[in-house]
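J.: Those sequence lines, one after another, are chains F and X.
Each residue of the first sequence is one higher than the one before, starting from 1 at the first, in the working numbering.
Each residue of the second sequence is one higher than the one before, starting from 1001 at the first, in the working numbering.
One or more of the hints may lead you astray.
FRET-style restraints, in silico, Cβ to Cβ [what the hints assert, rightly or not]:
1. X:R1034 <-> F:D120: 38 to 44 Å
2. F:G173 <-> X:A1055: 53 to 59 Å
3. X:A1055 <-> F:A122: 29 to 35 Å
Rough simulated footprint, nothing fancy, chain X against chain F, three-plus residues with beta-carbon under 8 Å [said to hold, decoys possible]:
4. 193-207
5. 343-351
If you are wondering where the hints come from, they were derived from the structure by calculation, not from laboratory data.
We put the CB at the ideal spot given by N, CA and C, even for glycine.
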Amino acid sequence: MLTVAVSGSLVSIAWLWRWSAGDGGAAPFAALMTLAAIIAGVPVAREAIGRLRVRQFSIALLVTIAAAGALRIGEVWEAAAVTLLFVLGGWLESLTLARTRAALRQLVDLAPRTARVMRDGALVVVGADEVSPGEVVMVLPGDRVPVDGKVTAGQAVLDTAALTGEPLPSEAGPGDRVLGGSISRGGHLEVLAERVGPDTTFSRLIFLVAEAQDQKPKVQRMLDAFARWYTPSVIVAAIVMLVVTADVHLALTFLVIACPGALVVASPVAVVAGLGHAARQGILIKGGERLERIARTDTVAFDKTGTLTLGRPLVTTAISFAGTDEELIAYAAAAEQRSEHHLATAVLQHAANLSIAPAPADNWRLLPGLGATANVETATGMVQVLVGNRRLLAAHDVQILPDQEGQIAMREAIGQTVAIVAFGGSVRGLLGITDPLRPEASHLVAALHKAGVRHVTMLTGDNPAAAKRVGDSVGIADVRAGLLPEDKVAAIRSLQAEGRVVAMIGDGVNDAPALAVADVSIAMGASGTQAAIETADVALMQDRLGQIPYAISLSKRIMRVVRQNVAFAVGVVVILMVGVIGKQVHLAGGMLVHEASVLIVIANGMRLMWGAGRSASYDTSNNRRVVTAGGRTADQAER
Amino acid sequence: MENKMFMLASLNCPVCAAKLEKAARQLPGMKAARVEFGSGTLHTEYDGNLLTVEAIRDLIKRTGLEVSAVVTGRPGR
């Protein structure tokens, strides 16, 4: 970036000087330009040589030769121009790469580096990696918890945002589990280390993010493929011209004109502008290389809970078949304590609302797609309590009696999700849970069709009745319910086998594998898991479903502008080259046209910054937005 | 066996990435080395008795790149 700034400034100063000083400014003009050409030219030459060493012909090579030639024949402005344009394009491209890597950088920066360990009765400070499981670490205010472990003493307020996305700090006290990477905002803790170093959740998250960025196929830079035949062809053509006409000036002019300045800038300028525009609206597209895939999306798969619905389910029915309702809720809450699932949260919230404390429990087991179990202290002693769906009960050989089944079916028919509570070999009660639909969900399908998506499907682990109910309200006909996480993966694979480009939208709670398999993964940023947000191709930071069709059409628009720019740049170069050969075009005039083409390409790319259309045009909520002639919007709430 | 991921600052040039990967693989004691352009990282797995973090850092510096962080991983990933 420094190179671009310095070289660019020198060029500008040189021009200003010349315009203000007339002919008297010729010498400083030449000097400044030469300096600019050299400053920008050195890194270009280095890249050219480096690539030659691995037998690659590059645009860098062409630019280096042309700049050197131009300096040789005294055309200093041309030399400066071609080198400056090349480093400018490179800088723009690094911006798009930086965005992709920023997430990983942030995580690594937040990783705990040191730990205070009790060893031989004294507190020593060691590297966070050097703690052994079973040792006790002290966490003071402001410290990052260095290990995953269990609190043995003390009380503190912990900020776990980096790991869980949870914006509100939580209290941790004896018996609570804490994760390495959380930050203590106050209080003292003694933590018994369970997982240390590379085994901590935080460290695994870092590798997860790094791997996610690596797994997507790397699209070879268009420019590199182009340069592989373009550069040698131009050099050969120039040599031929030199031999045939013995006109050095002509050959060098040809070389300089052939430097595709506009082409180097064509793609990155559009991508940077487009990504920046999206980011300002809370849509994080993780990198330029993913745009093409996003633009080609023709099928969208939605997770239900937390994506189409708010993911804040409420227990609306609690029925106990034996024993009191309070006992039912206390035991169910006890079993659900360790589950991250949305339904578990509803159960725990319900218990909290009724001031029913979860019964003492241990030995929690989470079974994805089935439910949760734990050993709970009940009135009759420690028993294994099951909370989940029919499959969970079947797996534990618990029969559902006919009238119990009737009660369950009745609730499911009205769209509730039923958590069946069982222990001691029989069904003890049910909890009916409803999850409200997101307001923007209703017009979503229409908006998606408008953005070019041909098929929409819902994939959920929930029961078919609840799923169908949501599907009907939203307009999704292809509803696949009762899916285990691996079934979701299979569903996406089967869609892909039909030749579709599939985008999956989820929050990562039960659909992380499906998100990884999809061609495009979209995470709900505000309510999704941190791992999903970090590894997805697109993160919707404001959780507005209306942003999905917008993201797809924006990607299409960016690709369109890139193609326009590339076609235009190539066209201009071809015309100019023909002109030089035909002796109609001379260096000064040719450069002028060249520079103009660069400006046009940049302007075309910048259009995406303010761009036609905002996500508001796909907004399906009840707020009306007014778009004025200047492209700005004003909110007018319809109240 | 050690497993370390080196985060490289401003890795913009795919050719430089290839050069680094090739050079890293040739270090004595290096079992596996892979540069991932997308995330800007060098993944290494090496014998801790034959190679050190400092030696790898030196190599990275010699290819003209900068190390911004080193993360330890579990061998066998």
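J.: Mind checking the hinted window 38 to 44 Å against the Cβ distance between R1034 (chain X) and D120 (chain F)?
T.: 41 Å, holds
J.: Are there three or more residues in the stretch 193-207 of chain F whose C-beta lies closer than 8 Å to some C-beta of chain X?
T.: Coverage by chain X holds for the stretch 193-207 of chain F (6 residues, Cβ < 8 Å).
J.: At least three residues with a C-beta closer than 8 Å to a C-beta of chain X: is that true for the stretch 343-351 of chain F?
T.: Per the Cβ count (0), the hint is violated.
J.: I want to verify a distance hint. Is the separation of the beta carbons of G173 (chain F) and A1055 (chain X) within 53 to 59 Å?
T.: 45 Å, violated
J.: Between A1055 (chain X) and A122 (chain F), is the Cβ distance one that fits in 29 to 35 Å?
T.: 34 Å Cβ-Cβ, so the 29 to 35 Å window holds.
Going through the hint list in order, the structure does not satisfy hints 2, 5.
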